[in-house]
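Novice: These protein sequence lines are chains E and A, in that order.
Throughout the first sequence, residue numbering follows our numbering, covering 1 to 281 in sequence.
Throughout the second sequence, residue numbering follows our numbering, covering 282 to 609 in sequence.
If you are wondering where the hints come from, they were derived from the structure by calculation, not from laboratory data.
Mixed in with the good hints, there may be bad ones.
[As the list claims (entries may be wrong)] Just some of the chain A residues that point at chain E, by a computed CB distance under 8 Å: (1) Met-349; (2) Gly-530; (3) Thr-587.
[As the list claims (entries may be wrong)] Keeping only pairs whose Cα atoms sit at most 16 Å apart, straight-line, the calculated EDC-like set for lysine to aspartate or glutamate is: (4) Lys-345(A) x Asp-361(A); (5) Lys-345(A) x Asp-357(A); (6) Lys-56(E) x Asp-247(E); (7) Lys-544(A) x Asp-357(A); (8) Lys-134(E) x Asp-570(A); (9) Lys-181(E) x Asp-310(A); (10) Lys-74(E) x Asp-247(E); (11) Lys-10(E) x Glu-503(A); (12) Lys-345(A) x Asp-570(A); (13) Lys-181(E) x Glu-170(E); (14) Lys-181(E) x Glu-311(A); (15) Lys-134(E) x Glu-566(A).
Heads up, the beta-carbon is just placed ideally off N, CA and C, and yes, glycines get one too.
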Amino acid sequence: MSNARIIWRKTVNYVMLTLTGVAAFGVVSVLFLILGYLIWNGGTSLNLNFFTQLPKPVGETGGGMANAIVGSLKLLFLAAMMGLPFGLLAGVYLAEFGGKTFSFVVRYTTDLLNGVPSIVIGIFAYSLVVLPVKHFSTLAGGVALAIMVIPITVRSTEEFLRAVPGSMREAAMALGASQWKTIVTVVLPAASGGILTGMLLALARVAGETAPLLFTAFSNRYWSQGWGQPIASLPVMIYTYAIAPYDDWHRQAWAAGLVLLGLVLVSNLGARFILARTKAI
Amino acid sequence: MSATATTIAHEVPPNTGLRAFVRKLRSGDEIAHLIALVFAAGILLITSLLVYELWRTSYLSRTKFGWMFFWTRTWDPVFDNFGAAPFIYGTLVTSAVALVIAVPLGLASAIFLSELAPRKVSDIISFLIDLLAAVPSVIYGLLGIFVVVPLMRTTLGPAIKSVLGFTPLFSGPNYGVGFLTAGIVLAIMVVPFIISVSREVLLTVPREQREAALALGATRWESTWQVVVPWARTGIMGSIFLALARALGETMAVTMVIGNDPKITASLFAPGYTIASVIANEFTEATGDLYLSALIELGLVLFLMTFILNGLARILIVATERGGGRPA
Chain E
1 MSNARIIWRK
11 TVNYVMLTLT
21 GVAAFGVVSV
31 LFLILGYLIW
41 NGGTSLNLNF
51 FTQLPKPVGE
61 TGGGMANAIV
71 GSLKLLFLAA
81 MMGLPFGLLA
91 GVYLAEFGGK
101 TFSFVVRYTT
111 DLLNGVPSIV
121 IGIFAYSLVV
131 LPVKHFSTLA
141 GGVALAIMVI
151 PITVRSTEEF
161 LRAVPGSMRE
171 AAMALGASQW
181 KTIVTVVLPA
191 ASGGILTGML
201 LALARVAGET
211 APLLFTAFSN
221 RYWSQGWGQP
231 IASLPVMIYT
241 YAIAPYDDWH
251 RQAWAAGLVL
261 LGLVLVSNLG
271 ARFILARTKA
281 I
Chain A
282 MSATATTIAH
292 EVPPNTGLRA
302 FVRKLRSGDE
312 IAHLIALVFA
322 AGILLITSLL
332 VYELWRTSYL
342 SRTKFGWMFF
352 WTRTWDPVFD
362 NFGAAPFIYG
372 TLVTSAVALV
382 IAVPLGLASA
392 IFLSELAPRK
402 VSDIISFLID
412 LLAAVPSVIY
422 GLLGIFVVVP
432 LMRTTLGPAI
442 KSVLGFTPLF
452 SGPNYGVGFL
462 TAGIVLAIMV
472 VPFIISVSRE
482 VLLTVPREQR
492 EAALALGATR
502 WESTWQVVVP
512 WARTGIMGSI
522 FLALARALGE
532 TMAVTMVIGN
542 DPKITASLFA
552 PGYTIASVIA
562 NEFTEATGDL
572 YLSALIELGL
582 VLFLMTFILN
592 GLARILIVAT
602 ERGGGRPA
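Next up, chain E with everything else stripped away, as it sits in the complex:
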């Protein structure tokens, strides 16, 4: 082989390997760009009013998004109440009881449900909850988010239950515990850290969802009473404010974006932290 050929191959080697590194660091830098922009633009517009006041009427500056913050929490509460137990039990079935074929079908369907575009979930919740009563409601938004929570919870629950060694189940059963007692008192506690992480990540994911709320929870410029009225949420407010032609609204959209991203990133970091500690034990 000629010398030139070897030099050429080595050059290609170095160039391509460097490019892969550049690509990886380029992608990661996008995260810091996003953070930087939001902190820069959102930080300057964030103040106490944002957390305590209602939105001002169009044309007036100032006001806040207190109702949207409470709204997001209410929607998340509903999603957690409906979605998490559902996902947990289905996950327990897949890991502890499931037969082969049926489990495979359920698992596959769960993955497909997880991949359904969020806007389509919105249509589903609309036809399920909004159409029969003919008005938007907090409940409808909660149902939409719950449907998105379920598949994520199922798969993470199953994964962490499977990681519990079989010897622990055998030990419990050898002591005379029935299967469900084994699951409730031995297997679930052993996997609890991981399962909680999965649940937290599922909620963090739906906390930022906008599309399924547009025509289920809709939005509201005032406080929403009970569970049957339309309700404002942070992601929908960011969307409406960002596409509106008012500078003051843009400013508030950035502030809301910073709050939302902070929430999502903190819960992600928290989830990893729980997981790391569980693994260390």
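Fit chain A to the supplied structure of chain E, relying on the hints for placement.
Specialist: Leaving out everything else, chain A in the frame of chain E:
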């Protein structure tokens, strides 16, 4: 003493038939099994109900327009004439642009993370990339409107035009919003999925494969590109399908930067519309039953597209990981 022992022996029922079932029932096993089974079956129920509801509520539009729905280019709520062509076109074009950018970027990053970077660095970067995947899409939209669109209008667009302006793809006026901008934002959104799945798949390639190539005198790059990547190609295809499915269904970020104009234009600078965007924008304003039904049929089309892609992606990824010699 012996009498007691006999009594106990008699009290234990034979471990078969109805009595065994009742005993298990009393200890709760069957009930727990049944409850868990109900919820597992509930997932199948939700998914089939979703398909059924989309099918049922799109009835008006399906019967009125039939297959012509896919070819009609008008979208006219005033005269109740609806066609999906501009939206399907917009969805496919933006996703294609996203993949053209995201696939090389994602594959290169995955190669770096699995083949070159020390495990610790690789884990940290992967973690940051997972965080990037967790950023809500409305935040991407926010940055899209206020950062990418102005950038496209003032700097990036004219620069691309001066180089590639002679092709029909990059001719015509540049408004900042349009297919290309939406594609770029989408690319950033789906690249984390390509990276994390591809990295996992590349890591399952046996070490002997790399060692064999290096022993034959291949450079690091040659062993990676000619041995490791082909070994993992099915799984990498799977990751691309997953990313494509996400790109097709992505709503908020695209809606905020695509310009929302139902036209079929060759130029990537032109504003367009996607299936998800038109549903997001017009669903609450849809006054007529047929109008709403047409929007829901668009949702059905989107659902089927992503459903098929996701199904294929799962099969490909599982196939590679099995083929990689990992115990199932």
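Novice: Hint by hint, which ones does the structure fall short of?
Specialist: When the structure is compared with the hints, numbers 1, 10 turn out to be violated.
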